Amino acid sequence: MNAPLLEVQQVSRSFGDVRALDGVSLTIAENEFFALLGPSGCGKTTLLRSIAGFEHPDGGAVLLGGSDLLALPPNKRPVNLMFQSYALFPHLSVAANIGYGLKREKLPKAEIAQRVDEVLETVGLTAMAKRRPAQLSGGQRQRVALARAIVKRPRLLLLDEPLSALDRKVRAEMQLELKRLQHEVGITFVVVTHDQEEAMSMADRIAVLAGGRVQQVATPLELYRNPANLFVADFIGTSNLLPGPSAGQHLVVRPEDVRLVAPGAGRLDGTVADTQFQGGTSTVAVDVPGQAKPFLVTEHGATEAVRGTPVGLAWQHEVAVGEGLA
Amino acid sequence: MTSTKQHGGLARPSLGARLRRGVEPAVLLGPGLLFYAALVAAPVLLVTGYMFARRGRFGGVEWELSLDNFSRVTDSVYLEVFRESLGLAFVATLLALLIGYPTAYAIAKLPPRWRTVALVLVVVPFWTNFLIRVYAWIVLLNSQGLLNDLLVGIGVTDDRFTLLYTPGAVVVGLVYSYLPLMILPLYAAIEKVDEDLLEASADLGAGRVRTFLGVQLPLTMPGVVTGSILVFVPSLGNFVVPELLGGGKTVMVGNLIRDQFLKAQDWPFGSVLAMIVVVLLVLLFLGQAWVTRRVEGPARG
Ligand SMILES: Nc1ncnc2c1ncn2[C@@H]1O[C@H](COP(=O)(O)OP(=O)(O)O)[C@@H](O)[C@H]1O
Ligand SMILES: [Mg+2]
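Chains as they are written, first to last, in my numbering: chain A, 1 to 326; chain B, 1 to 301.
Keep in mind the hints are simulated off the structure, nothing from the lab. You may find that some hints are simply not true.
When the alpha-carbon atoms are kept at most 27 Å apart in a straight line, the in silico DSSO-like pairs for lysine-lysine are as follows [what the hints assert, rightly or not]:
id, chain 1, residue 1, chain 2, residue 2
1, B, Lys192, A, Lys103
2, A, Lys109, A, Lys130
3, A, Lys130, A, Lys106
4, B, Lys109, A, Lys76
5, A, Lys103, A, Lys130
6, A, Lys130, B, Lys192
7, B, Lys263, B, Lys249
Which chain B residues stay away from chain A? Per the calculated CB distances, all over 10 Å, these [to be verified]:
id, residue
8, Val23
9, Leu46
10, Glu62
11, Ser66
12, Arg115
13, Thr116
14, Asn148
15, Lys249
Since the structure is predicted, the reported quantities are computational estimates derived from the model, not experimental observations. C-beta atoms are modelled at their ideal positions from N, C-alpha and C, and glycine is treated no differently.
With the sequences and hints as input, model every part of the structure.
Listed below in structure tokens is the structure:
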């Protein structure tokens, strides 16, 4: 990991009775693509707005490159926020929207024009420079908002659900695009999302938030292989849950870690309830006596399991987790 | 064959439906159109006709083609009245804008419940008779009035000021009378501005002043223009305020026009004066439409 760029220390923020952030601590490294993942209402926007300066934490500290960020007003922070609503200025052209922040830095006109041209090129909107935001598609607006933020070359770029307004197909393209851009411009990205697949496919590391608390911070693989608690195990990917070795604990078994074996040869026995062929893989659902939900098994290619036949279930990798979410 | 026609979803609408579709707008628009035809279009046509006629001896007109009325307007006496009217209406509008913008802004930022209360309070003065409200200012402004009592009382001055019967008093009266017409459209415009846009401006490095000038003001420009026109237009044509608070010393276009019709009995000249004001107003409204389109519509070039 590179040197730490942003340190969030024990940040809390309440709105009346709602604890939107409850002692959140995070360290984000230089040049990292970091994702804040969690269900709606878990405090993701509040955290981003606290870093950008539009929300004032009740307690805690935020350091950028070692110096106090909370003491600065939003317009003095070397941080930019890409709003969930994009917040493009409707009365300005695309080029003027992008140049707005550079003008505030009192840069020479020629340099502003050149940097705007460059970033328009980067996001592929050169032809749209003179249009107004209202004349653009959702995907184009998103790219203008992104261009407007990265043209400032901030040390840290915060993106609040940057892709949520786009339809599925454009979204998948933009995920790759964002990742490419982050490499290209070399800015640290913190992306908020409630979509676990999105976070997994883009981020170097992910912080899972729930109820205003950090549940786990880890790489996508680590989150998947070693979830810290039941909430993370359930939120990320598909898991089979079994009673754990001690009270209040659960065993998490991922479907692709399980093999179908002869009855009695595995750790559990059951009956095949259903099979689904998905092309590259098949999913087999096995009813296990005493279990409310069927046990899911992923097999490569087409499965040989037949509905109604008894099978055994064997696996090596499993994780014991606590409840989490105190 | 015939039955498919009747049941088909794409069959042409019945004659009755088509007839109704044509008649309905006519019925709905009818009363309004009639009203405008009788009370706006007819008088405007009449006044347009008067402009080219000669004055009758005891009011009314002699239908004899004449262009004298137009050349009279350029007389320096009348030009002076226009100049002063435009000046006073302009100052009144500017003051109303300077007072109205912060007021409307403050109202728009109130919690929703209090917003309604504040808006009602802004409109309440309109429920009182206009003349009575203007008379009240005489009580406040005259040399034995409350304002002078206050100034002497707190020791600002020993001499009493001449406040009443000055152009300043006229401006105060106009601003007071039409301020709600400034506040309401400004409020509507300010309330529409998305808070995210102001935050985005700050995020990109703009201070408060820059955000106001670069985002808030341009986005509320339609409200500024509408409010300004709504204050400027009745101010320009007003003749009650100049008469009561200006003491007849300040003559505005409104007074001049009224005098041509009711005192000098010169209807044709009054018509020309009135038409000049009307043309001015039409130009103002075209300007307003242009500004609104520029802010809300697509960019050109
Ligand atoms: N300005 C506010 N006033 C009152 N409650 C708020 C405000 N902002 C956020 N909240 C509450 O704080 C919690 C976290 O909100 P938010 O940070 O927007 O969540 P997320 O972005 O993860 O969906 C929610 O319960 C929300 O209702
Ligand atoms: Mg949010």
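A quick look at each hint next to the structure:
Distance check on the hinted pair: Lys192 (chain B) and Lys103 (chain A) sit about 26 Å apart at the alpha-carbon level, within 27 Å; holds. Among the hinted pairs, Lys109 (chain A) with Lys130 (chain A) is consistent with the structure: their alpha-carbon atoms are about 17 Å apart, no more than 27 Å. For the hint linking Lys130 (chain A) to Lys106 (chain A), the alpha-carbon distance of about 22 Å falls within 27 Å, and the restraint holds. This hinted pair checks out: Lys109 (chain B) and Lys76 (chain A) have alpha carbons roughly 25 Å apart, not beyond 27 Å.
Proposed proximity of Lys103 (chain A) and Lys130 (chain A) is supported: the alpha carbons are some 17 Å apart, at most 27 Å. A C-alpha spacing of about 25 Å is found between Lys130 (chain A) and Lys192 (chain B), which places the hinted pair at or below 27 Å, so the restraint holds. Restraint check for Lys263 (chain B) and Lys249 (chain B): satisfied, since their Cα atoms lie roughly 17 Å apart, inside the 27 Å limit. In this structure Val23 (chain B) is separated from chain A by more than 10 Å, as the shortest Cβ-Cβ distance comes to about 37 Å.
A cut-off of 10 Å between C-beta atoms confirms that Leu46 (chain B) is not in contact with chain A; the least separation is 43 Å. Consistency note on Glu62 (chain B): stated as away from chain A, and its beta-carbon is indeed over 10 Å from all of that chain's, at 55 Å minimum. Remark: the non-interface label on Ser66 (chain B) is consistent with the geometry, its nearest Cβ contact in chain A lying 50 Å away (cut-off 10 Å). With 10 Å as the threshold on Cβ separation, the claim that Arg115 (chain B) sits away from chain A holds: the shortest Cβ distance comes to roughly 21 Å.
A cut-off of 10 Å between C-beta atoms confirms that Thr116 (chain B) is not in contact with chain A; the least separation is 23 Å. Separation of Asn148 (chain B) from chain A is adequate, the least Cβ-Cβ distance of about 46 Å exceeding the 10 Å criterion. The claim that Lys249 (chain B) lies off the interface holds: its Cβ sits roughly 45 Å from the closest Cβ of chain A, which is beyond the 10 Å cut-off.
The earlier numbered hints are all upheld by this structure, with none contradicted.
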